[in-house]
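Participant: Let chain A serve as the given structure and place chain B on it in line with the hints.
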Amino acid sequence: MNALLALIKRDMRLAVRVGGGTGIGLLFFLIIVVLTTFAIGPDPKLLARIGPAILWLGALLASLLTLDRLLTSDAEDGSLDLIMMADMPLEIAVAAKASAHWLTTGLPLVIATPFLGLLLNVNPSATLAVAFALLVGTPAFTFIGLIGAALTVSLRRGGLLLSVLVLPLAVPVLIFGMAASGTAIGEANFGTAFTILCALALMSLVVGPFAAAAALRAGLD
Amino acid sequence: MPFLDFANPSRFLAFARRALPWLSGASLIAFALAIYLATAVPFALYEQSQTILIMFIHVPAAWLGMMGWALMSVSALGTLVWRHPLADVAAKATAPVGAAFTFICFTTGWLWGRASWAGGGNLPLEYMILDARLSSVLMLLIFYLVVIALVRAIDEPSRAARVAAIFTLVGVLILPIIKFSVDWQQGKYTLHQRESLIRADGPQLDMPILITLLVAALAFTLLFFTLHLAAMRNEILRRRVRSMRLMQARELAEASA
Chain A
1 MNALLALIKR DMRLAVRVGG GTGIGLLFFL IIVVLTTFAI GPDPKLLARI GPAILWLGAL
61 LASLLTLDRL LTSDAEDGSL DLIMMADMPL EIAVAAKASA HWLTTGLPLV IATPFLGLLL
121 NVNPSATLAV AFALLVGTPA FTFIGLIGAA LTVSLRRGGL LLSVLVLPLA VPVLIFGMAA
181 SGTAIGEANF GTAFTILCAL ALMSLVVGPF AAAAALRAGL D
Chain B
1 MPFLDFANPS RFLAFARRAL PWLSGASLIA FALAIYLATA VPFALYEQSQ TILIMFIHVP
61 AAWLGMMGWA LMSVSALGTL VWRHPLADVA AKATAPVGAA FTFICFTTGW LWGRASWAGG
121 GNLPLEYMIL DARLSSVLML LIFYLVVIAL VRAIDEPSRA ARVAAIFTLV GVLILPIIKF
181 SVDWQQGKYT LHQRESLIRA DGPQLDMPIL ITLLVAALAF TLLFFTLHLA AMRNEILRRR
241 VRSMRLMQAR ELAEASA
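Residue numbers (my numbering), protein chains in the order written: chain A, 1 to 221; chain B, 1 to 257.
Just chain A, same shape as in the assembly (with noise of 0.2 Å):
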């Protein structure tokens, strides 16, 4: 338990941190929202009803775009062969890592969900709701993309690999999490569409660290 502790720590504090990912992914998702306000034009009732998925799009494009840093800075200087030899088994160390990675980039992208709303004119009860979905999708955002990240450790171009592997896989977390953010506006159930979208985060929390870890038990023999 000290070592999974120790590993989260030292995971949130490098985040933070100079090279970290926080800072980069709050200012990534700022930027898209703002350049889909510009592109899209003086609208506020056409922003007004696509603001909860432009925010979806621009948390999840933050995340994919931080989600590079998660493993390979570790693989580059070696810290992940001594994870690979530790004690802990590979699956707790990648959730680990995950989890950290969650707090300290996915969640600060939820807490800013509800400001960058009013950049894009959306109803209050609406960003409610995306804020809620968000904060049950980014982890499972975290973790999905966590399986990307463990295929594509080894290879140094991997970025854009990386972010082709995820979203495929991310898709069911956008469909069900824009049912429950929608709501609002008078479409599915939030109940049944945030449901199933506890249950996606679930299964990517167990089957997030299983693969990644058999990744890279594969890649980097």
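Worth flagging that the hints you see were computed from the coordinates, not collected in a lab.
Bear in mind that the values here come from a model prediction, so they are computed numbers and not experimental data.
Think of the CB as a built atom: it goes at the ideal place given N, C-alpha and C, for glycine as much as any other residue.
Where hints are given, some of them may not hold.
[As the list claims (entries may be wrong)] In silico contact screen, one side only, chain B against chain A (beta carbon under 7 Å); selected entries:
hint, residue
1, 128
2, 129
3, 130
4, 145
5, 149
[Unchecked claim] Straight-line alpha carbon distances no greater than 25 Å define the calculated SDA-like cross-link-like pairs of lysine to any residue that follow:
hint, chain 1, residue 1, chain 2, residue 2
6, A, 45, B, 179
7, A, 45, B, 111
8, B, 179, A, 42
Facilitator: Relative to chain A, chain B alone:
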């Protein structure tokens, strides 16, 4: 201003230690005067609205946000062209302060616009139309955040400084865009009022408003330079700590080798 005199960090630290108390005292006095002027004179009579008071925060914040980027551009030239040792420290110190003022300008501008554009403030909280002025100020805010991220991403200070300097110089183009954006799309995409102060035919504001505005601007400017000086001092001290740590690590490595 004898910039070369302050190329030595120790001399700069000595200057900062002497100047900071005076600067902070002066900003306090200026703020007190500005608050007195803003609350004592009944501006509501001039503009039939209490929200005119937001102007005394919004306009100085706008000026200082843009001035921050201009200062950073001069520092960027100092880093790239004249190789002044403290130019990159100045740029790194200005960025968060300028970003904060730009953020204040954006939020107060949005709130004030929301209150006055629909003539009464019956708009919901999330009402936001990004017209030319709001958009270009938002872009300036993003430029600031990007430059801060850029400097934080590179470990070695001098390399980070050069990279940030190039980005700063490229980004200086946003300043004329902000200034003239209000005149370009007047009526169609712009809700901000036209320029009242720096115009070809002189200021268009009434005297009491103008005086209070200038006093408020002076107060905020003194605050800006106080924070800027303190941030530069902190950055120099931070770099000293970093070099001491590196030296210590090297000594330990040599001792155990």
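Participant: None of the hints should be skipped; say for each whether it holds.
Facilitator: Hints, one by one, checked against the model:
1. Given the 7 Å rule on beta carbons, the hint for residue 128 (chain B) holds: about 5 Å separates it from the nearest Cβ of chain A.
2. About 5 Å separates the beta-carbon of residue 129 (chain B) from the nearest beta-carbon of chain A, less than 7 Å, and the hint is met.
3. Contact between residue 130 (chain B) and chain A, as hinted, is supported at the beta carbon level, the nearest pair being about 6 Å apart and thus within 7 Å.
4. Hint status for residue 145 (chain B): holds, given a least beta-carbon distance of 5 Å to chain A, under 7 Å.
5. Proximity of residue 149 (chain B) to chain A holds as hinted, the smallest CB-CB distance being about 5 Å (cut-off 7 Å).
6. The straight-line distance between the Cα atoms of residue 45 (chain A) and residue 179 (chain B) is roughly 29 Å, outside the 25 Å bound, and the hint therefore fails.
7. Distance hint between residue 45 (chain A) and residue 111 (chain B) is fulfilled; the C-alpha atoms sit about 19 Å from each other, no more than 25 Å.
8. A C-alpha spacing of about 20 Å is found between residue 179 (chain B) and residue 42 (chain A), which places the hinted pair at or below 25 Å, so the restraint holds.
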